[in-house]
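Protein chains: 4
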Amino acid sequence: MTRKIKMGMIGGGRGAFIGAVHRMAAGIDGQIEFVAGALDVNPEIAILSGQDLYLSPDRTYGTYQEMIEKESKLPDDERIDFVSIVTPNHVHFEPAKLALEHGFHVVCEKPMTYSYEEALVLEKLVEESGLIFALTHTYTGYPMIKQAREMIQSGVFGKIRKVVVEYPQGWLSTPLETTGQQQASWRTDPKKSGKAGSVGDIGTHAENLAETITGLKIVELCADVTTFVEGRQLDDDANVLIRFDNGAKGVLHVSQVSAGEENPVNIRVYGEKGGIQWHQHDPNTMYVKWLDKPMEVYRTGTGYMGNMAQAHSRTPAGHPEGYLEAFGNIYRNFAKVVQAKLDDSEPAPEYLDFPTVHDGVRGMRFIDAVIESGERNAEWIKL
Amino acid sequence: MTRKIKMGMIGGGRGAFIGAVHRMAAGIDGQIEFVAGALDVNPEIAILSGQDLYLSPDRTYGTYQEMIEKESKLPDDERIDFVSIVTPNHVHFEPAKLALEHGFHVVCEKPMTYSYEEALVLEKLVEESGLIFALTHTYTGYPMIKQAREMIQSGVFGKIRKVVVEYPQGWLSTPLETTGQQQASWRTDPKKSGKAGSVGDIGTHAENLAETITGLKIVELCADVTTFVEGRQLDDDANVLIRFDNGAKGVLHVSQVSAGEENPVNIRVYGEKGGIQWHQHDPNTMYVKWLDKPMEVYRTGTGYMGNMAQAHSRTPAGHPEGYLEAFGNIYRNFAKVVQAKLDDSEPAPEYLDFPTVHDGVRGMRFIDAVIESGERNAEWIKL
Amino acid sequence: MTRKIKMGMIGGGRGAFIGAVHRMAAGIDGQIEFVAGALDVNPEIAILSGQDLYLSPDRTYGTYQEMIEKESKLPDDERIDFVSIVTPNHVHFEPAKLALEHGFHVVCEKPMTYSYEEALVLEKLVEESGLIFALTHTYTGYPMIKQAREMIQSGVFGKIRKVVVEYPQGWLSTPLETTGQQQASWRTDPKKSGKAGSVGDIGTHAENLAETITGLKIVELCADVTTFVEGRQLDDDANVLIRFDNGAKGVLHVSQVSAGEENPVNIRVYGEKGGIQWHQHDPNTMYVKWLDKPMEVYRTGTGYMGNMAQAHSRTPAGHPEGYLEAFGNIYRNFAKVVQAKLDDSEPAPEYLDFPTVHDGVRGMRFIDAVIESGERNAEWIKL
Amino acid sequence: MTRKIKMGMIGGGRGAFIGAVHRMAAGIDGQIEFVAGALDVNPEIAILSGQDLYLSPDRTYGTYQEMIEKESKLPDDERIDFVSIVTPNHVHFEPAKLALEHGFHVVCEKPMTYSYEEALVLEKLVEESGLIFALTHTYTGYPMIKQAREMIQSGVFGKIRKVVVEYPQGWLSTPLETTGQQQASWRTDPKKSGKAGSVGDIGTHAENLAETITGLKIVELCADVTTFVEGRQLDDDANVLIRFDNGAKGVLHVSQVSAGEENPVNIRVYGEKGGIQWHQHDPNTMYVKWLDKPMEVYRTGTGYMGNMAQAHSRTPAGHPEGYLEAFGNIYRNFAKVVQAKLDDSEPAPEYLDFPTVHDGVRGMRFIDAVIESGERNAEWIKL
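Residue numbers (our numbering), protein chains in the order written: chain A, 1 to 383; chain B, 1001 to 1383; chain C, 2001 to 2383; chain D, 3001 to 3383.
Keep in mind the hints are simulated off the structure, nothing from the lab. Watch out, some of these pointers could steer you wrong.
[Unchecked claim] Here are the simulated DSS-like cross-link-like pairs (lysine-lysine), alpha carbons at most 25 Å apart as the crow flies:
#1 D:K3273 x B:K1382
#2 D:K3341 x C:K2006
#3 A:K6 x B:K1004
#4 B:K1293 x D:K3004
#5 D:K3097 x C:K2004
#6 A:K293 x C:K2273
#7 A:K273 x C:K2293
Values in this document were obtained by computation on a predicted structure and should not be read as measured data.
Sequences are here, hints too, so could you generate the full structure?
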C-alpha cells in the first residue's frame, strides 16, 4: 500500500541555501517525510541543524557515511527510502555512490559530479541497480516547460531552426568570494566546484533546458569563456555558439557578472512556422509566436494546457506557481515512482518526467566541451 | 520546547479546491503536521479523502463536531493544536465557534462568515478566549505587499490621495453553476455563499488589500452591483467608488464575468510624491513611481527589500515565489505565534503579521455596505 | 485635380505645446502645406513665431480675424483651405465660428468649446454649411483603436458587458499653475478652461475613446470629482461609474494628480466571450482575451490586421508608430476628405474616419454631466 | 538666413517601401522641402510616382544622372541641396559619388555600398569635399539611444564587460523571394544586395548600435552564418561572438527566419556596476539595472533625461514617439547642419549627432568579417 516515502538529507544545515529549498520542495505535496539527516560536515552544526528542523536526535547523524550505514540496518518501514544530496559539487559523487551501493534511491544536486568520469561511474551504478536517481535541474520542472516541449516535439512549429538560451546573473560581479560569502566561495573554488564556474553552476541548466525542450542534442559548440573579476579562479561568463543534431543553430550564453540581473533564465526556440519564448521570472507564461497570426500567450492552469503541463501545476490559472513548485514537481514525481516501486506497480506516465543520471552525464560532457573550447580560443568541439 | 504544531482540517476532501491549497501552504515551511480531518460532509468521502492524504484512519472523522470533541480529549502533545476551516461560507461560523469553545486555535477561509452578525460573535469569542485566529486573505501574505505597506505607511509618498484596486475574473462569464461545477455552484447560491457573490468571494480580498496596504479605512462607498448572467442568483460584477478616512478617494471594481481574465488582483496607490503598483500575476515585482525621477522596479529577494518583506520570502531574487508561498506565510506566521503560546514566549514581531478576526469583521461589513448601496441604486453608504 | 491642401494655424506660436504637434501631424503625410498663421495673441510673438516656422511674412497675421478676413479674399488656389485651432479652450468657439462663416474647413482642438451651448452652435453651423470639421481626439487615430472598434462591433466578443477606461496623469500633483507654467495655468483657470479641469482636458478623451471603440453611448453616470491640490480652482481627479445604452456597466477614471504617471490612457472592454485591452504607452499592441483559449497579442502592421487598421499605419510590423502618427491620421483623413470635396469626388471610406463636431458636442455634454454629478455628491445624471 | 533645405530623392517610387519612410521622416520637422525626384528606374513609373507625391513635373526626372545634372545648373536658391538615396544596395555608390562630385550633400540608405572598396571611395570623397553625408542607421536616432550612450560613456556603470545585441526577424522564414515580393527579391539577390543577406540588411544595424552606444570598437569576431531556406542565395541567419577593444565580450545575433518575430532590435550592455537594456518595440523605455538597488525605468520626454535625449524627442512623456521620429532625427540633424553650412554658422552640438560615412565604412568592414568567418567555419577574424 502506498505510503509517504522517507528522506535522509546530506548537507543543507545552518548557513546552507539549497538544502532549505529541497526541504520545501519535498514537503509541498505531502508525499515525503523528512526523517533523517547528515546536515553538515561539522557534527556540532549538524546537530543544531537537526534541532532547527525538528529531526529526531537519534536520526541526526554526524556524517553521511554514518547515516547510510545505520539507516540501511533499520527495518524497511522505518528506514529512509532515499537520500537527498545538497552539498557542493565535490561532495556529490561519494555519497551518491555509497547510497546507491546500499540500495537507497537518490536525489542529487547538479552539476551531478566533480568530473565527467565520476558521472559515468554513477550512470553505470544506477543502470545496474535499477534504483531511482533524480537530478534537480529545476527549470525543466516548470509546467510551462512541459507545454513547450510537448508543442515543439509535436511538430506544430515545423523543423526547429534556431535556439537562443540565456542564463545571466549578476551576483558575482564583484569578488564576493573574498568576503567569506559561503555560496560564492565554493562556487569559485576549483577544488570544490570542478573545472568550471558559471559554466557548471548555471551553464548546465541552460544546456539541459535547451535539449529537454527541443528533444535535440547539441553536437558541436564553440565557446568564448571569460573570467572578468580579477583574481577569480574560475570562469564567470561564457558565450557559446551551438549546433544541434538536426542542423539547428543556436546561441547559449551565461554570466554571473551581468550586473543587475537576478536569475532570468530564458529560452527562445524558432521553427519553420513559429516558436516559443519562455522566461523564468514569469514562469507561468509562454509566448507562442506564429508566422502569420497573432502571438498567443499561454498560461499555466488554463483549460487549453496539454496533459503534461496540467499534471504539473497545482492551482487554477492566475495563481502564480514558482520555483519551489517546479522543484516540487521533481520531488513529487520521484516520490511517485519510488512509491510505485515499493508497491510493485507502474507509475502513471506523467510521473516519469524528471531529470535523471543521463542528464547528469550530458551536463558533465557539456562542461568539458565548453571549457576545452574556451581554452582553445573558441575552437569547435564535438560532444 | 518548540515543536511542530498539529492541524485538523474541516472540509477539503475529494473534489474540493481550496483544501489542497491549505495543505500545501501548511506543509511548505515544515512547522505544521497535518494529523486529523473531517474532510467531507459525506463520511464515506471523508474516509477515502483521509486515505488519499495518508491520514491515520483513527483520526479521519466523519464530522467536524466529532473531530473537535474527540481531539479535545487527547493528551496535549497528541491532539490537534488548531483547526483549519476550508468549507463553503455557510459552514465557517459553526465549526469556528465550536473549535474556539473547545480551546482550539483557528485558521479560517474568507469571507469569515455567512453574515455580519456571526462575524461579531466570532470576534467576541476570539477576544475573550485569547486564542489565535487567522483569516486566509492570501494576497496580503505576499512579501511585496509587506514592502508596499511599509513604504506607504512610512510616508515616502506623502499623503495618500488615490487608490485603484481591481479584481477581475472571467470564469463565471457563462452560467457555469448550471453544469454542476462544484466551485461555481456554492458561490452563486445565496444559501451557501451569503448575500453576495463576487463581492464576497473576491471583493473582500480587494477591500482587505486596499486597507491593509494603505493603513486607511474605507468610510463610505457607492456601488453599482450587477448580475450579468441570466438566472444567476447573486452578483457577478461590482463597480465601487470609495472614500477613505484621510480624504483619499478610490475605485474598487471586481468581476467574475470579465471574460478572459484569470486572477489579476492589482492595486495602485498614489500619494503626493509618488506611489506603487502591484499585480498579483507577477507578485514578486512592484512598480514604484515618483513625481520627478525614474520609476523603480522593486523585486523580492533583493538586498534592498525591507525587513518585513525579507522575513516573508524564502529564496534569492529571481526565484519566483507565488500564491502558495503567500498562503504559506499566513500559516507559517500563525504557527510561529501558536508555538510561542505553547512555549509561553514572545513571537518575533514579523510573525504577528497575518489577517485576523478583525479583518473578517471588516470584510463582512464591506459586503453589507456594497450590497446595500447596490440595492439603492448606488447611494453612498457609510461603513 | 488633387493637390495638397493649405493650412492656416490659429495659436501655436512660441511657448505653445500642442501647435507644434499639429504641425508635425499635418506634415507627416505630405498632403498639407502650412502657409499662414495667426500664431499668438501678441503680434510681436506671432511674427517671430512665423519666422521660426519659415512662414511667409505676408501671411503671418497678427490676429485670427485678420487671417480669416484676408485669406478669404485670396484666389482659390492660393488661400488657405482650412484653419487649425490650437488655442486654449476659451478661444476655440469664436475662431471656429468665424472660419466656418467664411467658408473655411476647420480642425479644432478638444474639448471643442468652452460651454455646451457653444458646441451646439458650432454643430448647427457645420451641418448647415457642409464644411468639414475635425476634432483632434488623438487617441482614436491610432490604428489599433480602429482594429478594436472593428472587432468589438463585429460581435466576436458577444454582447459587451463591461468597460474600464482610465486616463491617469501626474503632472499636476503640485500647484504647478502657481509657478507660471503656461500649460498648467490655463488648464486650471476656469475662465480659460471652462467648468472642468481634468474632466475636460483628459476626461473627454476617455469618454470619446470608450464610445468610439464600443459604438455604445453612455446614458447615465455618477461621479466623485475632487480637487486635491489646495488652492486649485478646478478638479484634478474624477472617478466615474458609467452605464451604457445596451446595459453594459463601466468605470471611467481620470486624474492629473496620480503622481508618477505620464499619459497611460488605457481601455479594457469585456464581452460575453472575450474582450480587448489597449494601452496608449504601447499603442501598436492590443491584448485580445478569450474565455477558453490563449490571449492573443495583436500588433499593427501585420497581415492579419483588418482593413481600417491597415489604412491607418505606415510601416511594417515592428516599426513603432506613435502619438504623432495617430494625430497625423486625423489630419491625413481630413485632408483626403477636403481634397475630395475640392475635386467633387467621393473620398475612400477609410478617410471618413475622424472625430467630428458631433464628438465635440458629446464631449461637452459629458463634461456637464460629470461636473453636475460631482456637485450633487455623485448622484446619477442622465446624458 | 536660415531656410528649409531642398531634397531630391533617388528611388522610392511606387511599390517601394523605404522611400516613403524617408519622405515622412524628412517632412516631420518642417526643415526640408521635397522638390525633385528620380523615383524609379522605369521613367513611366517615375513620372506617376512624382504625380502621387505632388512633385512638379519639370523636376520629376527619369534618371538620377539627369536629376543631378540638371539640378546642379539651377540657381542656388532653387536647386536641391541634397539627394536622398533610397535604392537597393547596388545602386547606392554610383549616385552618391555623382552627387558628391556635383557638390550635393547626401543622405544614403545602409548598408552604405555594395562592397567595402566602394565604401572607402565614398569616405575619401566626403572627406575631401567637406560635404555632409548622413547614413540612415535609424536605430541610433532614437532619443533613448542617446541617453544610453550618454550614461554608458559617462562611466556610471564602470568598465563595460558584456554586450548582447540582437536583431531577429521572421519575414524571410519562407522562400518569399520566389513569389516576386519586391523587398525579398533584391535583398536575397547577391547581385543587388552584396555578399551578405541578413548580415548586411540588419546585422549592420546591430553592429552600429553596439558600437555607437558603447563607444567601443569590435576588434574580433567569430560567426556561424547560415542559410536556412532552401534555394536562398544569401545568409538568413548569423550567430556571432564578438570582442571589443576594451576587453569586453559580446554576442550579436541576427536572423530573418526567426518565425514570428517582427523587428525587435534590442541591446543589453553590462558594466561592473550595472547596465542598460533597450528594445526597439518599446523605444521610449530603457531599463537601467544596478548591482545593489532597484532597476530604474527611464522614459523619454521626462525631466530627468539628459540633454541629448531631450534634444531628440518632440513630445512630453507618455506620448510615444517611434521609428519615423527616430528616422526624422537623422534628417532634422542633417538639415540643421546643412543649414548651418548655408549660413556659414556653427550648428548646435546636438545636431552633429547622426551616422556618417565612417559608420558606413565600418558596416562594410563588419559584413566582410562576418561572411569570411562564416566561410571558415567560425574562425576568429580581426576587424
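Verification of the hints:
no., hint, in the structure
1, D:K3273 x B:K1382, "violated (53 Å)"
2, D:K3341 x C:K2006, "violated (30 Å)"
3, A:K6 x B:K1004, "holds (18 Å)"
4, B:K1293 x D:K3004, "violated (37 Å)"
5, D:K3097 x C:K2004, "violated (33 Å)"
6, A:K293 x C:K2273, "holds (20 Å)"
7, A:K273 x C:K2293, "holds (20 Å)"
In this structure, the earlier hints numbered 1, 2, 4 and 5 are contradicted, and the remaining ones agree with it.
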